[in-house]
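There are 2 protein chains.
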Amino acid sequence: MPRRHPTEGSLLAEVERIFPRKVVQKNSPANRSLVNQLSLGIGDDAALFRPTRGCEAILTCDWFLEGTHFLRHKHPPDSVGWKCLARAVSDIAAMGGKPRCFLLSLALPESATGSWLRGFLEGLRRAARNFECVLAGGDTTKRNQIFINITVLGEVQSGRALRRDDASAGDLLYVSGHLGEAEQGLHLLRKHRGVAPRYSRLRKHLYPEPRLALGQWLVTKRLATAAMDLSDGLSSDLSRLCAASGVGARINAQKLPLVNPLPSPHRARQKTKSAENEALQLALHGGDDYELLFTVPRNKASRVPTSFGGVPLTAIGEITATRKILLVANGHKPATLKPAGWDPFR
Amino acid sequence: MPRRHPTEGSLLAEVERIFPRKVVQKNSPANRSLVNQLSLGIGDDAALFRPTRGCEAILTCDWFLEGTHFLRHKHPPDSVGWKCLARAVSDIAAMGGKPRCFLLSLALPESATGSWLRGFLEGLRRAARNFECVLAGGDTTKRNQIFINITVLGEVQSGRALRRDDASAGDLLYVSGHLGEAEQGLHLLRKHRGVAPRYSRLRKHLYPEPRLALGQWLVTKRLATAAMDLSDGLSSDLSRLCAASGVGARINAQKLPLVNPLPSPHRARQKTKSAENEALQLALHGGDDYELLFTVPRNKASRVPTSFGGVPLTAIGEITATRKILLVANGHKPATLKPAGWDPFR
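If you read the protein sequences in the order shown, they are chains A and B. First residue of the first sequence? That's 16 in our numbering, and the numbers climb one at a time after it. First residue of the second sequence? That's 16 in our numbering, and the numbers climb one at a time after it.
Keep in mind the hints are simulated off the structure, nothing from the lab. Check before you lean on any hint, since a few could be wrong.
For identical chains, the list gives no copy identity; a pair is met inside one copy or between any two copies.
Straight-line Cα separation of at most 25 Å, DMTMM-like style, residue types lysine to aspartate or glutamate; simulated pairs [claimed, not checked]:
| # | residue 1 | residue 2 |
| --- | --- | --- |
| 1 | K339 | E137 |
| 2 | K89 | E291 |
| 3 | K206 | D180 |
| 4 | K353 | E31 |
| 5 | K157 | E81 |
| 6 | K353 | E125 |
| 7 | K236 | E125 |
| 8 | K89 | E293 |
| 9 | K206 | E291 |
| 10 | K288 | D93 |
| 11 | K348 | E333 |
| 12 | K339 | E31 |
| 13 | K353 | E29 |
| 14 | K348 | E293 |
| 15 | K270 | D93 |
| 16 | K236 | E31 |
| 17 | K236 | E137 |
Keep in mind that this is a model prediction, so the values were computed, not measured.
Next comes chain A alone, as it looks inside the complex (with noise of 0.2 Å):
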């Protein structure tokens, strides 16, 4: 049907003014071998990609959607656009790999075209040059909310890269970071009114870092037999590890690397337990931190260091044989750790 006033051009132009096809790509360093394995970008009907020999390539897609995951009286515009990036980022990171373009995939409605868009596209950006992954197409429509859908593309040396179903009864199971930071900051950010203050308590939440380095590292040194990265929670993410490999485990409440409570005005000093089981309540649980959680075989556990690249790496239980996942938590009996974390099926 014909159609007046056609403005996709004016979206589709701001896109290329912020991602511009060759020049700012070509002139940034760290990108220029990227946009060579580019040759073709925005603007055909698709984009072709010259695989590195000797890798396989990671496909993944994420949604980023008004409503579901984020507000947009809440979150900063740049935090949508580094974020919706970040999260599909982190599952080339929880295979070890290194991503290498992606296409954005966005429904706007017209309110949004403006200040909105600038910033979203500006934190989009700060995410593509840091995380060196190229913007290579996407499609654009109008709707009456924001939702986004982003694929990466990565790439893993041939045959390495870390699984979920491989896993082994005996193996160690680590975490990188602090579990619950995220969930913390979104509570925070639900008391707070209006569009997010600059907490460093907000931080992880709005502007999550995949572990790609750390990913990378452990291809590297051959040491995980299983990863995947904690999107939705600790206790749903691992029941997926543990099914995937038909395995269970054994988690130790006490090694679990804890967030600092939020300080209280109005605490006294004998809810300190109360405090301490919300932020287990927040490690178990919470979902958004895209830190990865990964299994070492025992003989080789001295091997894994108590920080990589100033994030903690914490042996927080082990794989059994048993399909069950326990909770064990001193002067408690081991208890059934049921998947209560991130659905949005709830």
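With chain A's structure known, arrange chain B on it following the hints.
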């Protein structure tokens, strides 16, 4: 946050029932080599794909949103499943490539998780088998409307992809099939109450066929200088091809492969002219045909057959050095053809 009653698992189970990870796909001979290339499919953080030596990867994605691209009360669910993949695969056809695997991002209301989902997945599976493109992964979430995003990974011999930016003045301009057929189907569907009936006139709108064999043949024979698929309508898409190549075009209205007008009991003989004009407008601006638009140097034109695999190939005009796009009709002065096809940002 802890969530009760998770049902995401049951949605994934339904997808895996229709698209079993290994069994069905390995049993289908056409897909056996693809499954070997897809070393890791649904169920991990990401999919792993082994590129064919000497090939480039083609990467494309497409929105398919309820209310924008389809209507739940009009379009049968298996048509939604077929068409969302066909549209994305059409971009691979337009590059002259072979589709290999795809990612499905699906957001669904609970009301659509029963028979709608089964019908959708059946149509999607039929398309996937037809196009020899295996499901490699994706993302699912819950929304109050149905949102789909499809990513397709294809392959083409390095340096041989059909791009949009290599058409030269003097090249002849070709289209496959009849133009406006899908839009005519949409008009019929709009007039019809309830879900689409099984009219053959609706086939092209509900179950479009990407021109994969034609695109691959054009690559093998090195006939086309530029190509793209017609998704938004000739007037809009031709202007994109011309802009990318820095050229113009002259279209001969008499040469356009029109659709037959719909029989109308109310249409008197004197209205024949308006029926013809309707068919012309459909051919110029109708969207969703997924035919190929391609350019061939004049000295190779004799090697283009009048049909390919039962689909007519028609020379509709030529590429010119001036950047204008002109429509020439018998007895009229050449007129500028403005882009007036489908644009979500009307």
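Verification of the supplied hints:
For the identical chains of this complex, K339 and E137 are neighbours neither inside a copy (45 Å) nor across copies (35 Å), given an alpha-carbon limit of 25 Å. For the homomeric pair K89 and E291, neither the shortest alpha-carbon distance inside one copy (28 Å) nor that between copies (54 Å) is at most 25 Å. Taking CA atoms no more than 25 Å apart as the test, K206 paired with D180 passes in neither setting, with 39 Å inside one copy and 52 Å between copies. Proximity of K353 to E31 under the C-alpha cut-off of 25 Å is restricted to the inter-copy arrangement: shortest distance 23 Å between copies versus 46 Å within a copy.
When the C-alpha separation of K157 and E81 is checked against a cutoff of 25 Å, the pair qualifies both within a copy, at 14 Å, and between copies, at 12 Å. Taking identical chains as interchangeable, the C-alpha atoms of K353 and E125 lie at most 25 Å apart only when they sit on different chains, with a minimum of 23 Å there against 43 Å within one chain. Taking the shortest alpha-carbon separations for K236 and E125, neither the intra-copy value of 49 Å nor the inter-copy value of 45 Å comes in at or below 25 Å. In this homomeric assembly, K89 and E293 come within 25 Å of each other (Cα to Cα) only inside a single copy, at 24 Å, whereas the closest approach across copies is 49 Å.
In the homo-oligomer, the alpha carbons of K206 and E291 lie at most 25 Å apart inside one protomer (20 Å), although the nearest pairing across protomers, at 64 Å, exceeds that limit. For a Cα distance limit of 25 Å, the shortest separation of K288 from D93 qualifies neither inside one copy, at 37 Å, nor across copies, at 55 Å. For the identical chains of this complex, K348 and E333 are intra-copy neighbours only, at 17 Å inside a copy versus 81 Å across copies, given an alpha-carbon limit of 25 Å. Only between protomers do K339 and E31 lie at most 25 Å apart by alpha-carbon distance; the minimum there is 24 Å, versus 51 Å within a single protomer.
Taking CA atoms no more than 25 Å apart as the test, K353 paired with E29 passes between copies only; the shortest distance there is 22 Å, against 46 Å inside one copy. In this homomeric assembly, K348 and E293 come within 25 Å of each other (Cα to Cα) only inside a single copy, at 20 Å, whereas the closest approach across copies is 78 Å. For the identical chains of this complex, K270 and D93 are neighbours neither inside a copy (35 Å) nor across copies (50 Å), given an alpha-carbon limit of 25 Å. In this assembly of identical chains, the alpha carbons of K236 and E31 never lie at most 25 Å apart, being 39 Å within a copy and 34 Å across copies at closest.
In this homomeric assembly, K236 and E137 never come within 25 Å of each other (Cα to Cα): the closest approach is 35 Å inside a single copy and 44 Å across copies.
Taken one by one, the earlier hints fail for this structure at numbers 1, 2, 3, 7, 10, 15, 16 and 17, listed in ascending order.
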